[in-house]
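Trainee: What follows is each chain in one-letter form.
There are 2 protein chains.
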Amino acid sequence: MFSPVKSTKVYEQVIEQFKTMIADGTLKKGDRLPSERELVSQLGVSRASIREALSALQMIGFVEARHGEGNFIRENFEESLIDPFLLIFMLNGSNKEQILELRRIIEVETAAIAAEKINNEEIEKLEECLNGLLEAQDEVLKGKYDKEFHYNIAKASKNILIVNMLNAVSSLMDAFITEARGKILMVEGNKDVLMNQHSALLKALKNHDPKAASKAMREHLDLIFEYIKDR
Amino acid sequence: MFSPVKSTKVYEQVIEQFKTMIADGTLKKGDRLPSERELVSQLGVSRASIREALSALQMIGFVEARHGEGNFIRENFEESLIDPFLLIFMLNGSNKEQILELRRIIEVETAAIAAEKINNEEIEKLEECLNGLLEAQDEVLKGKYDKEFHYNIAKASKNILIVNMLNAVSSLMDAFITEARGKILMVEGNKDVLMNQHSALLKALKNHDPKAASKAMREHLDLIFEYIKDR
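Chains as they are written, first to last, in the working numbering: chain A, 1 to 231; chain B, 1001 to 1231.
A hint or two may mislead.
Each pair of labels, with its calculated beta carbon distance range [unchecked claim]:
| id | chain 1 | residue 1 | chain 2 | residue 2 | range |
| --- | --- | --- | --- | --- | --- |
| 1 | B | His-1067 | A | Glu-16 | 28 to 38 Å |
| 2 | A | Lys-117 | B | Ile-1123 | 18 to 28 Å |
| 3 | B | Gly-1070 | A | Glu-124 | 26 to 36 Å |
| 4 | A | Glu-16 | B | Asp-1031 | 27 to 37 Å |
| 5 | B | Glu-1069 | A | Gln-42 | 50 to 60 Å |
| 6 | B | Leu-1141 | A | Arg-37 | 44 to 54 Å |
| 7 | A | Gln-42 | B | Ile-1123 | 49 to 59 Å |
| 8 | A | Lys-203 | B | Ala-1136 | 43 to 53 Å |
| 9 | A | Gln-42 | B | Glu-1188 | 32 to 42 Å |
No lab work stands behind these hints: they were computed from the structure. For each residue, glycine too, the CB sits at the ideal point set by N, CA and C.
Please build the complete structure, drawing on both the sequences and the hints.
Mentor: Below, the structure written as structure tokens:
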């Protein structure tokens, strides 16, 4: 039997060459790429194909164009899943519950891992976030500290894949979170509940207690779920 | 104070227009895009810029070029996180443990959600996978049924974000999984252990028992973890 011949476009072949060079370590984080002109001559393809390949690699946050300096492999990939995730979300008519469900899945277990691996410096950062959250006067600033608190827990897991994943999920949630905070805070007494939940989480992390950390995270996200879902 | 002016490339502006049309519902799954020539005239930009935008959107699996038919918005996004994930993995020097850690995080909780939402048709599919796994003679075919079994559990969660996420993670793991299966099966008695773990998982799902499903999944992945990690 014959199998269908897949036509590969020129820019796709260029991308494959980049991938190979990354896989074998020839290209590393922060490396400057050859100029477009050099790439044209090294790869023997048109400038248009080079540009198509570069724009595709920029789209997934892998290559960064610095004005007047050329193209570089990024140092930081924390944002590279956001666009793909956003498009999946929009085109599938996914809903808020599905995002929060994914976030809960990741964060509950991540809190347990963080409890095992967190160090003193990371605990201090979380304390700063919590103080900021307590003292901030406006909702925008409070939201910022809240987000930083969760981000730093993910970072304490020391797993960059988890951090990237959560970044994409929480960037999807951003619009809802502010809205949810508003709804939650309208209910008498909830301000203290939220604060206590964050404190319980921090305490569990300080005690390096994975079970208590998961439990605290689950209770916290369950409360948010209650207010975020369509009712 | 002035803030830095961010130069936006033409192709990025084209992508923004696509995003807006997706967000407001003008562009939907499966839609055929206007031809390159039409896009040039509608957007008033060069053909090169249109092609750069299209290659970027293809890279994240959002647009699909069908030979002789033109460009379409994809129907299925199950592969759109694979490339971004692969590059993050390679460039960060992430290791096997980090992938399996992320997989365990997602799958343990997903098994619980699936236990709540699974229907009879989905249970039948899982039974077929398990029979295939039992009867298959070679390791490649066994590996295929194993993967399908896990994929169908994720699908039973009815959350497309979870399915996409797991697809990306397991495509990263593919190389290791076959290797791990080999190592596991070299140990006397492990073949039955693996089979029993899959059966226990299926039983918990059939009983719509979230706790038992998580537990069975955790035990299963813990065993794989044991054999996959660098020793």
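Trainee: May I ask you to test the hint 50 to 60 Å on the CB atoms belonging to Glu-1069(B) and Gln-42(A)?
Mentor: 33 Å, violated
Trainee: Just tell me: holds or violated, for the beta carbon distance of Gly-1070(B) and Glu-124(A) against 26 to 36 Å?
Mentor: 56 Å, violated
Trainee: CB of Gln-42(A) to CB of Glu-1188(B), is that within 32 to 42 Å?
Mentor: 54 Å, violated
Trainee: In this structure, is the beta-carbon distance linking Lys-203(A) and Ala-1136(B) contained in 43 to 53 Å?
Mentor: Taking Cβ atoms as reference, Lys-203(A) and Ala-1136(B) lie about 50 Å apart, which means the hint holds.
Trainee: Is it true that His-1067(B) and Glu-16(A) lie within 28 to 38 Å of each other by Cβ?
Mentor: Since the Cβ atoms of His-1067(B) and Glu-16(A) sit about 19 Å apart, the hinted range of 28 to 38 Å is violated.
Trainee: Taking the Cβ atom of Glu-16(A) and the Cβ atom of Asp-1031(B), is their distance within the range 27 to 37 Å?
Mentor: 28 Å, holds
Trainee: Confirm or reject the claim that Gln-42(A) and Ile-1123(B) have a C-beta distance inside 49 to 59 Å.
Mentor: Cβ of Gln-42(A) to Cβ of Ile-1123(B): about 55 Å, so the range 49 to 59 Å holds.
Trainee: Do the beta carbons of Leu-1141(B) and Arg-37(A) sit within 44 to 54 Å of each other?
Mentor: 49 Å, holds
Trainee: Quick check: does the Cβ-Cβ distance between Lys-117(A) and Ile-1123(B) fall within 18 to 28 Å?
Mentor: 38 Å, violated
The structure fails to meet hints 1, 2, 3, 5 and 9 from the earlier list, while all remaining hints are met.
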